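Respectively, the protein sequence lines represent chains A and B.
The opening position of the first sequence corresponds to residue 1 in our numbering, with each subsequent residue numbered one higher.
The opening position of the second sequence corresponds to residue 1 in our numbering, with each subsequent residue numbered one higher.
It is worth saying that the hints were derived from the structure and are not from the lab.
The structure displayed is predicted, hence computed values, not measured ones.
A hint or two may mislead.
[To be verified] A few chain A positions that, by computed beta-carbon distances, are all more than 10 Å from chain B: (1) L10; (2) L38; (3) T47; (4) K55.
[Said to hold, decoys possible] Under the rule of at most 30 Å between Cα atoms (straight-line distance), these lysine-lysine pairs were calculated in the DSBU-like manner: (5) K55/A x K32/B; (6) K33/A x K78/A; (7) K33/A x K99/A; (8) K33/A x K55/A; (9) K78/A x K55/A; (10) K33/A x K32/B; (11) K78/A x K32/B.
Ideal Cβ placement from N, Cα and C applies to all residues, glycine included.
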Amino acid sequence: MTAATVPPPLTEATFFILLSLAAGPTHGYAIMKDTRALSEGRVVLSTGTLYGALKRLLEQQWIRRLDDRGTAAPRDRKAYALTRQGRRVLGAEISRLQKLVRTAQLQTQRAGP
Amino acid sequence: MTHLPLLLARIYALLLRLYPRDFRDEFEGEMKTVFADAVEEAARAGPLALVRVCWRELWDLPIHSARERWTRLQKGSFTMSTPTPTQVRPLSWPEILIGLFPFLLFGPVAVWLAYPFPYPPDSVSGWFVRVEPPLYLLCLLFGLVAGWITGWRRWTFPYLGFGIYLVGGWIMSTVNDLLWSYASGFHGELGWPQVILFQVAGFALILGAFALVLLVAYFLTRVVHRLRMLYVIIRHDWTRLSFGLTIGAVIAMSGSDHEEDPVLTALVILPSLILLFSALSYLRSTSRSGQVWSLLLGLGLAVSVSILRHGWYIVYAMMLLPIIFLPALFALRPPQNKPMLAE
Numbered sequence: 001m002t003a004a005t006v007p008p009p010l011t012e013a014t015f016f017i018l019l020s021l022a023a024g025p026t027h028g029y030a031i032m033k034d035t036r037a038l039s040e041g042r043v044v045l046s047t048g049t050l051y052g053a054l055k056r057l058l059e060q061q062w063i064r065r066l067d068d069r070g071t072a073a074p075r076d077r078k079a080y081a082l083t084r085q086g087r088r089v090l091g092a093e094i095s096r097l098q099k100l101v102r103t104a105q106l107q108t109q110r111a112g113p
Numbered sequence: 001m002t003h004l005p006l007l008l009a010r011i012y013a014l015l016l017r018l019y020p021r022d023f024r025d026e027f028e029g030e031m032k033t034v035f036a037d038a039v040e041e042a043a044r045a046g047p048l049a050l051v052r053v054c055w056r057e058l059w060d061l062p063i064h065s066a067r068e069r070w071t072r073l074q075k076g077s078f079t080m081s082t083p084t085p086t087q088v089r090p091l092s093w094p095e096i097l098i099g100l101f102p103f104l105l106f107g108p109v110a111v112w113l114a115y116p117f118p119y120p121p122d123s124v125s126g127w128f129v130r131v132e133p134p135l136y137l138l139c140l141l142f143g144l145v146a147g148w149i150t151g152w153r154r155w156t157f158p159y160l161g162f163g164i165y166l167v168g169g170w171i172m173s174t175v176n177d178l179l180w181s182y183a184s185g186f187h188g189e190l191g192w193p194q195v196i197l198f199q200v201a202g203f204a205l206i207l208g209a210f211a212l213v214l215l216v217a218y219f220l221t222r223v224v225h226r227l228r229m230l231y232v233i234i235r236h237d238w239t240r241l242s243f244g245l246t247i248g249a250v251i252a253m254s255g256s257d258h259e260e261d262p263v264l265t266a267l268v269i270l271p272s273l274i275l276l277f278s279a280l281s282y283l284r285s286t287s288r289s290g291q292v293w294s295l296l297l298g299l300g301l302a303v304s305v306s307i308l309r310h311g312w313y314i315v316y317a318m319m320l321l322p323i324i325f326l327p328a329l330f331a332l333r334p335p336q337n338k339p340m341l342a343e
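Put together the whole structure using the sequences plus the hints.
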């Protein structure tokens, strides 16, 4: 991913949704629970927030809806998975956050105790 | 699922209608399931958890649904995909009731309150006459806004039709006032040549004004996307405009004289009731022929009953039938037998 193609920082909701899907395909309610767990209760998604975000992620092709033909999954429990592009975006965001943390640590060390 | 979560799930399913149609088509099932799961889990955790979940969802839902609708307005995108007949469905009862409201208001309600049997007190009639203009205006505004937001569904066309009649009525009364004020400048009686000249001039002015309004409307459909959508919808399904224009028949046939005779009053109310049921039949119909027959039979019956009251209504019939079925000319262009628009 070049500097020209680096996406802007993700919102927390988007970040945690992608993070939840990084572990493997999962459906809507599980994404909501994962997000709450990963953020230690700080980010609690409503159904509207979740599906608004899922819609945008589908449009951006960062996630895809899994075809549940031949599975036992109920019709109204669609599973989602990260696409390759979605993994790249998540990776870029994690790198950005790590860089931020390093910069903050260096700056606070300079300031001294 | 226990009672309360089940009830909450049903309320949520109803509120999901605030979302745009395409969003609901894609996600409605999943959202209902996720909400039901969240509510069930919260109910097991305790009443406070349940309240938190409900508050969060009810707070977010209007915000997100408005955002989705705004996104669509900004993008200006909609698909006019050609539906297969299996996609056509009868309208829901709330949609039907909203679509019938103008027929009720301008028909039986207006007739009963203005020329009533069993003749409510003057205070009631007087009150209605005072609230009529703002009520009609509110009705028109609601319909136009609802049509704009929903993409001109079938049930919004009576409001559109009322707007067309308001504009038409304003044009005709303005031209009439202009001609009368000009004619009053003449001293002495007008001879036949002057009378004919005034009639021709009046007719020409009215036609010219209508043509100008149509040109402006056509121009606006080229510039404003939502109006372009309306234009495309009418070209695809002319019965919607005809249905909207039928509101003019309701207004025209809703009584113009009253003698406190119950039989006469029944003849005054009956056409508006016939048109109300014709509108119901139109809104419930899922076939083009059913819709056309609903309009034709309703109008035919209403005009026939009105003619029983006064032969003058033959003139109304001659004026109303062409106006209402003028959009049918759109259907003369090929291809014929276009599939029905999905609602």
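Each hint tested on the structure:
The beta carbon of L10/A sits about 18 Å from the closest Cβ of chain B, which is more than 10 Å, so the claim that it is off the interface holds. Every CB of chain B is more than 10 Å from the CB of L38/A (nearest about 17 Å), matching its label as outside the interface. With a closest Cβ-Cβ approach of about 5 Å to chain B, T47/A is found to fall inside the 10 Å limit, against its non-interface label. With a cut of 10 Å on Cβ distances, K55/A falls inside the contact zone with chain B, its closest approach being about 7 Å.
Between the alpha carbons of K55/A and K32/B the distance comes to roughly 16 Å, so the proposed pair stays at or under 30 Å and holds. Of the supplied pair hints, the one linking K33/A and K78/A holds, its CA atoms being roughly 16 Å apart against a limit of 30 Å. For the proposed pair K33/A and K99/A, the alpha carbon gap of about 28 Å is at most 30 Å, so the pair holds. For a cut-off of 30 Å, the pair hint linking K33/A to K55/A stands: about 19 Å separates their Cα positions.
Simply put, K78/A and K55/A have alpha-carbon atoms about 13 Å apart, close enough for the 30 Å limit, and the pair holds. Of the supplied pair hints, the one linking K33/A and K32/B holds, its CA atoms being roughly 16 Å apart against a limit of 30 Å. The hinted pair formed by K78/A and K32/B meets the criterion: a straight-line CA distance of about 12 Å does not exceed 30 Å.
Checked against the numbered hints above, the structure breaks hints 3, 4 and satisfies the rest.
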